[in-house]
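K.L.:
Can you build the whole structure from these sequences, using the hints too?
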Amino acid sequence: MSALSLLPARRSVPGVFVALTLTLTIGWLVVLLDGGQLFNQSTTVSLLHVAAGLGLVAVGQTLVILGGSLDLSVAYVISLSTLVAAETMNGSDGAVLPAIGLVLVVSAGVGLLNGLLVTRFRVNAFIATLGVGLLLKGYLDNGYDGPAGTTAPSLVQALGYQRVGPVPVSFLLLIAVTAAAWFALSRTRFGHHLVAVGGDPEVARLSGVRNDRVLVTAHVLCSMCAGLAGIYLASRLGSGAPRVGTEGLYDLESIAAVVIGGTALAGGRGGVVGTVGGVLLLASIDAIFNQLEVDAFFKQVIRGVIIIAAVAVYARRAMRKAA
Amino acid sequence: MQTVQPRSLSLRLPRVRPGGVLPILAILAVLLVLVGIRQPDFLAPPSLMSFLGRSAPIILLAAGQYFVIVSGEFDLSVGSLVTAQVVVAARLIDSDPARTWPVVLLLLAFGALVGLVNGLITTRLRVPSFITTLGMFLILVGAVYLWSDGAPKGGLSEEFRRFGRRAFEDVPVLGRVPFALVVLVVVAVAAVLLMRSDFGRTLVAVGDNPRTAELSGVRVWRTRTFAFILSGLAAAVAAILLGGYSGVSFQAGAGLEFGAITAVVLGGVALGGGRGAVVGAMLGALTLELLFALMNFYGVSGALRSTVQGAIILLAVAVSATRSSSR
Chain Z
1 MSALSLLPAR RSVPGVFVAL TLTLTIGWLV VLLDGGQLFN QSTTVSLLHV AAGLGLVAVG
61 QTLVILGGSL DLSVAYVISL STLVAAETMN GSDGAVLPAI GLVLVVSAGV GLLNGLLVTR
121 FRVNAFIATL GVGLLLKGYL DNGYDGPAGT TAPSLVQALG YQRVGPVPVS FLLLIAVTAA
181 AWFALSRTRF GHHLVAVGGD PEVARLSGVR NDRVLVTAHV LCSMCAGLAG IYLASRLGSG
241 APRVGTEGLY DLESIAAVVI GGTALAGGRG GVVGTVGGVL LLASIDAIFN QLEVDAFFKQ
301 VIRGVIIIAA VAVYARRAMR KAA
Chain A
1 MQTVQPRSLS LRLPRVRPGG VLPILAILAV LLVLVGIRQP DFLAPPSLMS FLGRSAPIIL
61 LAAGQYFVIV SGEFDLSVGS LVTAQVVVAA RLIDSDPART WPVVLLLLAF GALVGLVNGL
121 ITTRLRVPSF ITTLGMFLIL VGAVYLWSDG APKGGLSEEF RRFGRRAFED VPVLGRVPFA
181 LVVLVVVAVA AVLLMRSDFG RTLVAVGDNP RTAELSGVRV WRTRTFAFIL SGLAAAVAAI
241 LLGGYSGVSF QAGAGLEFGA ITAVVLGGVA LGGGRGAVVG AMLGALTLEL LFALMNFYGV
301 SGALRSTVQG AIILLAVAVS ATRSSSR
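As they're listed, the protein sequences go chains Z and A. Under the working numbering, the first residue of the first sequence is numbered 1, with each subsequent residue one higher. Under the working numbering, the first residue of the second sequence is numbered 1, with each subsequent residue one higher.
Mixed in with the good hints, there may be bad ones.
[Said to hold, decoys possible] Looking from chain Z toward chain A, a few residues come up when the C-beta cut is under 7 angstroms (computed):
1) V123
2) F126
3) L135
4) K137
5) G138
6) D141
7) N142
8) L252
9) V259
10) V294
11) F297
12) Q300
13) I307
14) A312
[What the hints assert, rightly or not] Pairwise CB distance ranges, derived in the manner of DEER restraints:
15) G101/Z <-> F297/A: 15 to 25 angstroms
16) G36/A <-> T188/Z: 52 to 62 angstroms
17) R124/A <-> G35/Z: 32 to 42 angstroms
18) R316/Z <-> A254/A: 41 to 51 angstroms
19) G36/Z <-> D198/A: 54 to 64 angstroms
20) R210/Z <-> A254/A: 38 to 48 angstroms
21) P97/A <-> V294/Z: 56 to 66 angstroms
22) R124/A <-> G36/Z: 35 to 45 angstroms
23) L25/A <-> E247/Z: 48 to 58 angstroms
24) F190/Z <-> V185/A: 38 to 48 angstroms
[Stated by the list, open to error] A short, non-exhaustive set of chain A residues, derived as facing chain Z with CB atoms under 10 angstroms:
25) D149
26) V265
27) G310
Read the hints as simulated data drawn from the structure, not as lab findings. Glycine residues also receive a C-beta, built at the ideal position from the N, C-alpha and C atoms.
P.N.:
Below you can see the structure in the form of structure tokens.
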């Protein structure tokens, strides 16, 4: 069962990378004709930075979507996490580890709440995570008017700006998290169970999978990924930002990245490697438009068209396969 | 060949349709009592009338969202559509009263067109409606900023604004009936009649089980596309009322899609489709608005609104979910 549902995942991974290669090639040519250079140091670095933030969220989002659920609260978890991180650190290097620990605990708690609402109380995931998001939004709106706290300088240096060659440390973090998620999905019992639950909950239950436990775990992991993204953003910004998650549209964009990466929105099919491809695709488009100095609003229009078009291509292929 | 079950289709419908209006009525009644204790003046006809008028846009959006949700889809683009409509109206009217009616017609056509595009992409290209309407959201917000260079231009005519602002004065008993309320009542009656028609039954059947519906000869894609068009039209009407009431801004429709979805779910309509009544959806929106009014009266900080909103939705949905699963 799990082997079967993994097959299409393997096949759908190249799709997004073909699109990514095409986008980068065409983008490189267009930028070259425009008199610029797409693959210079600063463009590459900023591309990878964008990808790191969105990627951390999207990898977590992949887990819940694979399980047939969804998390709309991630944007608020990110905002909350930047504040928890920055206020706990309050500019002191000594408090980095406790702050990171606290962020992970808080975000895991939110994930647990999401998971329990979805499984125990049988609230539709859309509504459950939207409701939890609203709870957090009220807390943030009520308590914060603007940036608060200060991120520890050492963390800002290390996670926010340090690089190995052109590759930011944050992107290495994304690769590590992706590798861990990939391992969990393809080599552990949890991963196989998660895909089974997403594919057909009833069949999974009858074959002895504890659906609720698996889904709650996925929700906790998803929230913790959003917490990591929050720590990263706090180290980029140097402080906690109560609206950074929603302004970055991390909830909707992470879902878009997952779906562009070939994971079925209904669950049961896909994987994290494709998601990273989806994230890189969105980040590349961003970078190309920045190089061409395309109007920010026009960029958003094109992004909407690309998201719809990419998913339409997948749907078309899936239909042909089914026929 | 067990999939062909034309009988179950006709058998299920009568049981399904009244679904879940009673709980929302009960919640509404409790809230009314609470409001009555704290602020008896609020229940006097004039202030009640203007409250209903103010709530009309979100109730209309909930009705529009209902059509889409009951057919098994989502429309996340309505908030951005409202914003786009208001900004477009201001720029096209440019404070010239003579342009009011052509622009109103144009807005309705624009709403229907956006719904048509959403519907066709979802049904013909098989893109999940979540993604379709999210993409449309990005496109509309981007396009409207692009078109107005980042700041709303022009202005609405007084003629246009009266839909959202003015009222029939000196009505016996009620005192003052806002135009918005009249629009709301007309749309509500139309929506109820529509749901009682063949189309309404088909819509619910499509949401309940698209495959069964398809096999019994329903053109599922057409039905769903029409639901998206209705949602777009509802957004257009809501935008006209909202623009008149609160004026032009890029925030005009922000977050309204989630408000509408919340209202629909609160009204007992199942996400995923096939269950719930349009009246329930509209009552859900009214309940949310009444809840916000109540919070005002009790001096709850406006910022905490969303926390309370979130808690209420979770509670309401969790209660109804545990009840229906134990049945």
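K.L.:
All hints, please: hold or fail.
P.N.:
Results of checking the hints against the structure:
1. The beta carbon of V123/Z comes within 5 angstroms of a beta carbon in chain A, closer than 7 angstroms, and the hint placing it at the interface holds.
2. At about 6 angstroms, the closest approach between the beta carbon of F126/Z and any beta carbon in chain A falls short of 7 angstroms, and the interface hint on this residue holds.
3. Satisfaction of the interface hint for L135/Z is found here, the shortest Cβ-Cβ separation to chain A being roughly 4 angstroms, below the 7 angstroms cut-off.
4. This hint holds: K137/Z has a C-beta 4 angstroms from the nearest C-beta of chain A, less than the 7 angstroms allowed.
5. With 7 angstroms as the threshold, the beta carbon of G138/Z comes within range of chain A, its nearest partner Cβ sitting at about 3 angstroms, so the hint holds.
6. For D141/Z, the interface hint holds, the least distance from its beta-carbon to any beta-carbon of chain A being 4 angstroms, beneath 7 angstroms.
7. Hint status for N142/Z: holds, given a least beta-carbon distance of 4 angstroms to chain A, under 7 angstroms.
8. Annotation: L252/Z was flagged as interfacial toward chain A, and the flag holds, the nearest CB pair being 5 angstroms apart, inside 7 angstroms.
9. Annotation: V259/Z was flagged as interfacial toward chain A, and the flag holds, the nearest CB pair being 6 angstroms apart, inside 7 angstroms.
10. Annotation: interface hint on V294/Z violated; nearest CB of chain A at approximately 10 angstroms, more than 7 angstroms.
11. With its C-beta approaching chain A no nearer than about 4 angstroms, F297/Z sits inside the 7 angstroms limit, and its interface hint holds.
12. Interface restraint check for Q300/Z: the shortest CB-CB distance to chain A comes to about 3 angstroms, inside 7 angstroms, so the restraint holds.
13. For I307/Z, the suggested interface contact is upheld, since its CB lies about 5 angstroms from the closest CB of chain A, less than 7 angstroms.
14. The interface hint given for A312/Z is met, as the beta carbon of that residue sits about 4 angstroms from the closest beta carbon of chain A, less than 7 angstroms.
15. For the hinted restraint 15 to 25 angstroms between G101/Z and F297/A, the CB-CB distance of approximately 42 angstroms leaves it violated.
16. Separation of G36/A from T188/Z is about 57 angstroms and conforms to the stated range, judged on CB atoms against 52 to 62 angstroms.
17. With their beta carbons about 41 angstroms apart, R124/A and G35/Z fall inside the hinted range of 32 to 42 angstroms.
18. Hint check: R316/Z to A254/A, Cβ distance near 33 angstroms, so the stated range 41 to 51 angstroms is violated.
19. Between G36/Z and D198/A the beta carbon distance is about 59 angstroms. The supplied range of 54 to 64 angstroms therefore holds.
20. Judged by the Cβ atoms, the range 38 to 48 angstroms given for R210/Z and A254/A holds: they are separated by roughly 40 angstroms.
21. For P97/A paired with V294/Z, a C-beta distance near 38 angstroms fails the hint of 56 to 66 angstroms.
22. A C-beta distance of roughly 38 angstroms is found between R124/A and G36/Z, which places it inside the suggested range of 35 to 45 angstroms.
23. A hinted range of 48 to 58 angstroms for the beta carbons of L25/A and E247/Z is inconsistent with their spacing of about 39 angstroms.
24. F190/Z and V185/A have their C-beta atoms about 54 angstroms apart, which leaves the hinted 38 to 48 angstroms range violated.
25. Against a cut-off of 10 angstroms between C-beta atoms, the interface hint on D149/A holds, since the closest Cβ of chain Z lies about 9 angstroms away.
26. Taking 10 angstroms as the C-beta cut-off, the interface hint given for V265/A holds, the closest approach to chain Z being about 5 angstroms.
27. The closest approach between the C-beta of G310/A and any C-beta of chain Z is roughly 3 angstroms, which is under the 10 angstroms cut-off, so the hint is satisfied.
Figure legend: structure checked against the earlier numbered hints; hints not met, in rising order: 10, 15, 18, 21, 23 and 24.
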